[in-house]
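Engineer: Okay, here's what each chain looks like letter by letter:
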Amino acid sequence: MRNGIHALALITAAGLLAVSAVATADDYPQGCVDCHRLSEKGSGLRYEGDFRIQPLLAQTGHRWLKKIKTVPNDCTKCHSDDSDLPLATIVHLVHFEKPEANVYTTEFGGKCANCHAMDAPAGEALVKSGPKNW
Amino acid sequence: MMRVARILAPVLLTLTGGIALADDYPQGCVSCHVATKQQDMRLNVVFDHIEHSMAGQRTLLIPTGCERCHADEKGVGGALSKLIHRSHYTDPIKEKFTGQFNGDCVSCHKMDTDTGQAEIRSGKRNWQLRIAPGAQ
Chain B
-2 MRNGIHALAL ITAAGLLAVS AVATADDYPQ GCVDCHRLSE KGSGLRYEGD
48 FRIQPLLAQT GHRWLKKIKT VPNDCTKCHS DDSDLPLATI VHLVHFEKPE
98 ANVYTTEFGG KCANCHAMDA PAGEALVKSG PKNW
Chain C
58 MMRVARILAP VLLTLTGGIA LADDYPQGCV SCHVATKQQD MRLNVVFDHI
108 EHSMAGQRTL LIPTGCERCH ADEKGVGGAL SKLIHRSHYT DPIKEKFTGQ
158 FNGDCVSCHK MDTDTGQAEI RSGKRNWQLR IAPGAQ
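Residue numbers (the working numbering), protein chains in the order written: chain B, -2 to 131; chain C, 58 to 193.
Don't read these hints as lab results, they were simulated from the structure.
The model shown is predicted, which means the values in this text are computed figures rather than measured ones.
All the given hints hold, so there is nothing to weed out.
What follows is a list of derived Cβ distance ranges for each label pair:
1) S110(C) x W131(B): 49 to 55 Å
2) W131(B) x G156(C): 34 to 40 Å
3) P128(B) x M98(C): 39 to 45 Å
4) L140(C) x G127(B): 27 to 33 Å
5) H113(B) x D80(C): 16 to 22 Å
6) Q27(B) x L140(C): 27 to 33 Å
7) E97(B) x G134(C): 37 to 43 Å
8) D81(B) x K131(C): 23 to 29 Å
9) M111(C) x A55(B): 56 to 62 Å
10) S77(B) x M98(C): 37 to 43 Å
11) W131(B) x D161(C): 29 to 35 Å
12) Q114(C) x K63(B): 53 to 59 Å
13) D81(B) x T121(C): 24 to 30 Å
In silico DSSO-like pairs for lysine-lysine, Cα to Cα no more than 27 Å straight-line:
14) K139(C) x K167(C)
15) K153(C) x K181(C)
16) K108(B) x K139(C)
17) K74(B) x K108(B)
18) K66(B) x K129(B)
19) K94(C) x K153(C)
20) K125(B) x K167(C)
21) K125(B) x K66(B)
22) K181(C) x K131(C)
23) K181(C) x K94(C)
24) K108(B) x K151(C)
25) K125(B) x K151(C)
26) K167(C) x K151(C)
27) K129(B) x K64(B)
28) K74(B) x K139(C)
29) K151(C) x K181(C)
30) K139(C) x K181(C)
31) K108(B) x K153(C)
32) K167(C) x K181(C)
33) K95(B) x K167(C)
34) K139(C) x K153(C)
35) K95(B) x K125(B)
36) K95(B) x K108(B)
37) K125(B) x K139(C)
38) K153(C) x K125(B)
39) K129(B) x K38(B)
40) K74(B) x K64(B)
Using N, Cα and C, we set each Cβ at its ideal position, and we do this for glycine too.
Turn these sequences into a full structure, and let the hints steer you where they fit.
Structural biologist: Shown next as structure tokens:
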């Protein structure tokens, strides 16, 4: 499992290259899909390529995400907190493992607020989500 | 899959400068809630201000020890996470926390980069227990 997570970490880090390194938390209201997107040639973004989650995961051997509609909410159908591979653990590992070399940390500041939002009245930290972009 | 990782790894590592991550709040609450010449913001002072029970004064490890009354599921005093999030991200404290002190998630939380678990920073209380007049 750890080898798979390492591979996923490296590939996901590559996905972050599609986004400008200078950004604020407000630039990612939909979380994952605001960063993991298709960066076409001539788009003006710093890096070009298809960094959407489905193509990235396909490279790791992950099953086809045909039933996913909302990311990452629908991912918890398999990756629930009490599963063998909780989504929080996987995502935190790929984004924060080896922080001195992880592109999410070195290029994008490793900000929690890129993926999480605070519901201040309720006092709860939420996970941002958005419709799939593939 | 591993072939792709082996190809990507040197590319990614050469792109990174290797940044050392500073930790300004290693002990979480008590790293920020301190006494200065201008103001005493230690938590015992905060407790007095909000008329918190004296049990708070006796807490040795902050905020771990607070869970004896403020556990998430069965805390009689309400879940600590909700209380702290609400107070730090609602005005007027929000203006100080996120504005004046540039506070954010990592002021109180840290990531265990080996396990992928988000943890709460903690530290020993930074105030002395008060002795009531006439007590031994």
